[in-house]
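Undergrad: As they're listed, the protein sequences go chains W and P. Note that the first sequence ends on residue 414 in the numbering used here; no numbers are left out. Note that the second sequence ends on residue 179 in the numbering used here; no numbers are left out.
Think of the hints as simulated: they come from the structure by calculation, not from any bench. Fair warning: this is a prediction, and the values are worked out from it, not measured in the lab. Take the hints with a grain of salt, since some may be wrong.
Output of the computed footprint for chain W on chain P, the stretches with three or more beta carbons under 8 Å from beta carbons of chain W [unchecked claim]:
#1 47-56
#2 117-125
#3 129-136
#4 161-175
Computed list of lysine to aspartate or glutamate pairs in EDC-like fashion (alpha-carbon distance at most 20 Å, straight line) [said to hold, decoys possible]:
#5 P:LYS162 to W:GLU340
#6 W:LYS284 to P:ASP144
#7 P:LYS116 to W:GLU336
#8 W:LYS322 to W:ASP201
#9 P:LYS157 to W:GLU340
#10 P:LYS116 to W:ASP277
#11 P:LYS130 to P:ASP150
#12 W:LYS284 to P:ASP101
#13 P:LYS146 to P:ASP158
#14 P:LYS162 to W:GLU336
#15 P:LYS146 to W:ASP201
#16 P:LYS130 to P:ASP118
Think of the CB as a built atom: it goes at the ideal place given N, C-alpha and C, for glycine as much as any other residue.
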Amino acid sequence: MPNLSDLKSRIASVKSTRKITKAMQMVASAKLRRAQDAAQAGRPYAERFNSVMTGLASSVGTSEGGPRLLTGTGSDQIQLLVVMTAERGLCGGFNSNIVKLARVAATKLIAEGKRVKILTVGKKGRESLKREFGDALLDHVDLSDVKRVGYDHAEKIAKNVLSRFNDNEFDVAKIYFSEFGSIINQVPTELQVIPAKFDSAVDVGEVYDYEPSEEGILADLLPRAVATQIFTALLENAASEQGARMSAMDNATRNAGEMIDKLTIQYNRSRQAKITNELIEIISGAEAL
Amino acid sequence: MADEMNFDLVSPERSIASFMATEVQLPGSEGDMTAMPNHAPILTTLRPGILSVSGADGTTEYVVTGGFAEVKPDGVTVLAERATNKSSFTQEDMDILVGDVKALLDLSDETTKDSVNKTYNDALVLAGTLGLSVA
């Protein structure tokens with residue numbers, strides 16, 4: 126039986142752990158609200174942008190001579206995976222789910238005889254992919270001192286990706302991030318950004334005049350579409366990260382509570398046992414006289 | 045309402061303005077244009093320039109650094125990467141814009157050189173209009 130003072134100090138340490146996880150949960154929930162607001166605020170732009178792009182892309186079509194960002198290089202031999210994760214841990218399966226998705230994709234591509242290159246955004250993804258795909262890691266974008274993701278960051282990442290595309294470093298680019306469903310539901314997602322894919326089934330609605338030509342606008346907008354998609358992904362990721370952290374910390378707080386209850390019962394029992402023991406000793410001592 | 049239309053100015057990060065307007069002057073990449081209610085649908089890219097919107101409470105002017113505008117009979121939507129109220133556009137913003145365009149200029153190849161050069165000149169004109177200098 127563990128002695129009483131050990132139990133007491135264990136209870137105290139679990140209690141302080143619970144305080145920390147509780148605080149982290151509360152911080153995460155405040156941050157989540159902000160991240161959700163940011164995602165909400167960014168939605169009109171992304172939606173408009175996508176609907177315009179869809180209309181343009183379907184009217185220009187993927188015919189020969191179209192912009193390379195839309196038609197691709199004609200090959201899919203070299204694939205760039207942009208893996209976007211968080212800078213910090215302690216957020217449940219958030220990072221590992223994204224990494225797992227990317228890892229499965231990478232392994233599959235390699236098995237098909239394709240070359241894989243990886244660009245990581247966020248420290249955690251880099252750490253977990255370094256061991257397995259160390260040679261494939263191209264570059265890393267560090268957002269650790271970024272408090273709030275802005276369009277500038279997305280633009281920087283997009284520029285990085287686009288300049289590599291212009292240098293023919295890869296044929297296909299996909300981004301990996303986590304889509305925010307709810308606090309308990311984040312879906313790791315794969316999205317192909319180059320060559321751009323648009324849902325052509327969407328009803329375009331009105332017929333527009335274009336100035337300059339459709340092709341001109343498309344060529345101008347495609348690089349921005351990459352930045353927009355990356356920005357949306359960053360925002361979703363930020364919300365998902367906080368959501369995942371919130372539920373992870375909520376769980377941890379609950380577990381700590383259960384543990385405290387268990388330890389307290391154990392503590393009380395052994396205290397009682399000790400008292401009983403002492404009583405028996407006293408009584409049997411008295412009887413022996 | 046036939047004499048008013050929706051005007052929306054959105055950046056990737058947030059919606060900057062949304063109100064009813066009677067007239068919107070757009071700095072189109074191929075020339076300025078004014079959209080009024082019941083304009084035929086048109087989609088145009090924007091050059092760095094001044095966007096001026098007339099509504100019930102007078103005229104508001106914004107500086108946009110590019111993007112595109114969607115004009116429909118019932119409204120105008122401007123999607124700009126960066127848009128600021130004209131009065132709060134500073135030298136710093138101008139420097140960022142010029143820096144960005146210069147970076148593009150370095151990256152551009154034969155096919156895109158002309159259009160990027162034009163954007164650069166548009167930026168210079170914008171700086172002149174606003175009385176800012178170009179580094």
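Undergrad: All hints, please: hold or fail.
TA: Verification of the supplied hints:
Counting residues of the stretch 47-56 of chain P whose beta-carbon sits less than 8 Å from any beta-carbon of chain W gives 4, enough to reach three: the coverage restraint holds. Figure legend: the stretch 117-125 of chain P, annotated as covered by chain W; annotation consistent (3 residues with Cβ-Cβ distances under 8 Å, at least 3 required). Counting residues of the stretch 129-136 of chain P whose beta carbon lies closer than 8 Å to any beta carbon of chain W gives 0, which falls short of the minimum of three for the stated coverage. Counting residues of the stretch 161-175 of chain P whose C-beta lies closer than 8 Å to any C-beta of chain W gives 0; at least three are required, and the coverage claim is violated.
As the CA atoms of LYS162 of chain P and GLU340 of chain W are separated by approximately 18 Å, the hinted pair is consistent with the 20 Å bound. For the hint linking LYS284 of chain W to ASP144 of chain P, the alpha-carbon distance of about 11 Å falls within 20 Å, and the restraint holds. With a C-alpha separation of about 14 Å, the suggested pairing of LYS116 of chain P with GLU336 of chain W holds against the 20 Å cut-off. For the given pair, LYS322 of chain W sits about 14 Å from ASP201 of chain W by alpha-carbon distance, which is consistent with the 20 Å threshold.
A threshold of 20 Å between alpha carbons decides the hint, and for LYS157 of chain P with GLU340 of chain W the separation of about 16 Å falls inside it, so the pair holds. For the hint pairing LYS116 of chain P with ASP277 of chain W, the CA-to-CA distance comes to about 29 Å; that exceeds 20 Å, so the pair is violated. Restraint check for LYS130 of chain P and ASP150 of chain P: not satisfied, since their Cα atoms lie roughly 29 Å apart, outside the 20 Å limit. A distance of roughly 40 Å separates the Cα atoms of LYS284 of chain W and ASP101 of chain P; the hinted pair therefore is violated under the 20 Å criterion.
For the hint linking LYS146 of chain P to ASP158 of chain P, the alpha-carbon distance of about 13 Å falls within 20 Å, and the restraint holds. With a C-alpha separation of about 15 Å, the suggested pair LYS162 of chain P and GLU336 of chain W falls inside the 20 Å cut-off, and the hint holds. Distance hint between LYS146 of chain P and ASP201 of chain W is unfulfilled; the C-alpha atoms sit about 32 Å from each other, more than 20 Å. Simply put, LYS130 of chain P and ASP118 of chain P have alpha-carbon atoms about 25 Å apart, too far for the 20 Å limit, and the pair is violated.
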